[in-house]
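**Student:** Could you put the whole structure together from the sequences, leaning on the hints where they help?
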Amino acid sequence: MSDGDSTLAEGKNLERQAAITGIGQSAVGRRLNADPLALTADACLEAIADAGLSRTDIDGVSTYPGAGISGAPGFTGAGTSDVQDMLRLKLNWFCGGPELPGQLGAVINACAAVATGLARHVLCFRTVWESTAQGTGRRAGIGTAGSGRFRASGFMQWTLPYGAASAAVWIAMMARRHFHEFGTTREQMAQIALNARRNAGLNPKAIYREPMDLDDYMAARMISEPFCLYDCDAPVDGSTAVIVSAVDAARDCRRPMLRVEAVGSALRGRPSWDQFDDLTTMALRDAASMLWERTDFSPADVDVAELYDGFSFIAMAWLEALGFCGKGESGPFIEGGEAIALDGEIPLNTHGGQLSAGRLHGFGLLHEAALQLWEAGGARQVPGQPRLAVAAAGGGPLGGCLLLHRED
Amino acid sequence: MTEKPFRLLPDVGSDNEHFWHGGADGELRFVRCQDCQVYVHPPSPVCPDCLSRNLRPEAVSGRARVHTYTLNHHPWIPGFEPPYLVAIVDIEEQEGLRLTTNLVGCEAEDVEIGMPVKVCFEEREEGIFIPLFEPDDR
Numbered sequence: 000m001s002d003g004d005s006t007l008a009e010g011k012n013l014e015r016q017a018a019i020t021g022i023g024q025s026a027v028g029r030r031l032n033a034d035p036l037a038l039t040a041d042a043c044l045e046a047i048a049d050a051g052l053s054r055t056d057i058d059g060v061s062t063y064p065g066a067g068i069s070g071a072p073g074f075t076g077a078g079t080s081d082v083q084d085m086l087r088l089k090l091n092w093f094c095g096g097p098e099l100p101g102q103l104g105a106v107i108n109a110c111a112a113v114a115t116g117l118a119r120h121v122l123c124f125r126t127v128w129e130s131t132a133q134g135t136g137r138r139a140g141i142g143t144a145g146s147g148r149f150r151a152s153g154f155m156q157w158t159l160p161y162g163a164a165s166a167a168v169w170i171a172m173m174a175r176r177h178f179h180e181f182g183t184t185r186e187q188m189a190q191i192a193l194n195a196r197r198n199a200g201l202n203p204k205a206i207y208r209e210p211m212d213l214d215d216y217m218a219a220r221m222i223s224e225p226f227c228l229y230d231c232d233a234p235v236d237g238s239t240a241v242i243v244s245a246v247d248a249a250r251d252c253r254r255p256m257l258r259v260e261a262v263g264s265a266l267r268g269r270p271s272w273d274q275f276d277d278l279t280t281m282a283l284r285d286a287a288s289m290l291w292e293r294t295d296f297s298p299a300d301v302d303v304a305e306l307y308d309g310f311s312f313i314a315m316a317w318l319e320a321l322g323f324c325g326k327g328e329s330g331p332f333i334e335g336g337e338a339i340a341l342d343g344e345i346p347l348n349t350h351g352g353q354l355s356a357g358r359l360h361g362f363g364l365l366h367e368a369a370l371q372l373w374e375a376g377g378a379r380q381v382p383g384q385p386r387l388a389v390a391a392a393g394g395g396p397l398g399g400c401l402l403l404h405r406e407d
Numbered sequence: 000m001t002e003k004p005f006r007l008l009p010d011v012g013s014d015n016e017h018f019w020h021g022g023a024d025g026e027l028r029f030v031r032c033q034d035c036q037v038y039v040h041p042p043s044p045v046c047p048d049c050l051s052r053n054l055r056p057e058a059v060s061g062r063a064r065v066h067t068y069t070l071n072h073h074p075w076i077p078g079f080e081p082p083y084l085v086a087i088v089d090i091e092e093q094e095g096l097r098l099t100t101n102l103v104g105c106e107a108e109d110v111e112i113g114m115p116v117k118v119c120f121e122e123r124e125e126g127i128f129i130p131l132f133e134p135d136d137r
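Heads up: the sequence lines are chains X and E, in that order.
Per numbering that gives the first Met the number 0, residue 0 is the first one in the first sequence, and the count goes up by one each step.
Per numbering that gives the first Met the number 0, residue 0 is the first one in the second sequence, and the count goes up by one each step.
Hints in this document: simulated from the structure, not taken from any laboratory.
What you are looking at is a predicted structure, and each value in this text was computed from that prediction instead of being measured.
Every residue gets a Cβ at the ideal spot worked out from N, C-alpha and C, and that includes glycine.
Some hints could be false.
To be verified - Computed, partial: chain E to chain X, Cβ under 8 angstroms: (1) 10; (2) 13; (3) 15; (4) 75; (5) 101.
**Tutor:** Structural data, given as structure tokens:
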């Protein structure tokens, strides 16, 4: 390895040769009616400039889930080819697709690419335009009903005949199981949504900023019990980009580099929404476990956590999986909200999460983790010069996470 | 349920017809390894335990327990109207053998995790029988 300060066995933690060097984000909003490719350009060019680079420095592109896949309308807004051609990039490496350890799997791929010398600066992006594409602003089901000729295949054959058409239904059942095994309550789970809303009030780009209290939460319409409307993230339009650079190349960048201390990409149980061995942990158990197997840091060292909240319960599962509290103990841990507040034990989803800042699908969380480590969080900046952050994305059989370290 | 709701139906072929057509004989069927006796779901040409290719559909008792459930209120699929109960049930014959299904013949407030249920079938077009589960008073 060219970098001599690795503390772990050589080859065990090659991701430490990768660093986040720049971030960018387009306008984010409900029904922007903007070309998703234009949003993508805004995010990508901002990230390149943020790193102090020019587009000729970019020799890799990585994205999730790529263009040309089926899914809810607006689920994907651009693929690698779209971006390469739009910016006329000359690439040594590129990768885009959905079969990854969660949305941030695209960033983990980029870490591997720069660590192995396939690229030096990888532009990673994720674009959604679900709000505009879904028109009414309501969350779309997966595999929409149409004529009687539609037939469900693959995994969906086991769920669509039963009206279990959305991850909301599948994850709701995981939350219910957690409630049953550990005595978790809706009042406890509410704190994920209330904390997000509180932080969103300090974020000018957040979607929902008006104050919300427990009574508002408890009075909201139910989606799939125990989830109410406020347990489900808000579809938006927007694009987020991050630059992953090789550490030796990162030293020339504008910002203090954020070293990728460790990643978690494991999936050791069955890759299934309903056959996974422990529905209360989901697959992110394995990704989180792998992350701590690859570093000398421990959960107590982490200053800020940006954890996927596509549904509120997923953030609770990440809190447990990453060891911020014990297995099954996320309910009592977040009760009252103090532990996860900006000045709490582990500040969580400091920009408002996907619940209140919009469903930027994992990349918004990574963007915020970097922003906090660069102390650019403005009114929502966590105190005390944070140096270690976790960004994690995915639920169900999807899960991937990164531990970022600002070393300067 | 007095009348059959609209349902999205599965794409039935040689790999899954044992499951979706089994209700015609009143049977809930899973592929089972003939060498080590493990049930495999979703169906696979290879036994995940012993890697045998000698698998064949077999009926189970239809008895199960509720692993978890949700009362769904959101109208995801036009024509399949909420509220309805979605559950994941543990099939009695093998730990970890699960199905996502609907619970019928009971009210949401009467459902408990661990509750015994048994299979029943809803006949649809093209010989498809949808396995559903109802309370089992055994």
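**Student:** Hint validation: residue 10 of chain E versus chain X, beta carbon distance must be below 8 angstroms. Holds or violated?
**Tutor:** holds (4 angstroms)
**Student:** At a threshold of 8 angstroms, is the proposed contact between residue 15 of chain E and chain X supported by beta-carbon distances?
**Tutor:** holds (7 angstroms)
**Student:** Does residue 13 of chain E pass the interface check with chain X, least Cβ-Cβ distance below 8 angstroms?
**Tutor:** Result: violated, 13 angstroms to nearest chain X Cβ.
**Student:** Is the hint on residue 75 of chain E kept, meaning its closest Cβ partner in chain X is under 8 angstroms away?
**Tutor:** With Cβ-Cβ at 4 angstroms, under 8 angstroms, it holds.
**Student:** Mind checking the CB of residue 101 of chain E against every CB in chain X and telling me if the closest is under 8 angstroms?
**Tutor:** holds (5 angstroms)
Hint 2 from the list above is the single one not met by this structure.
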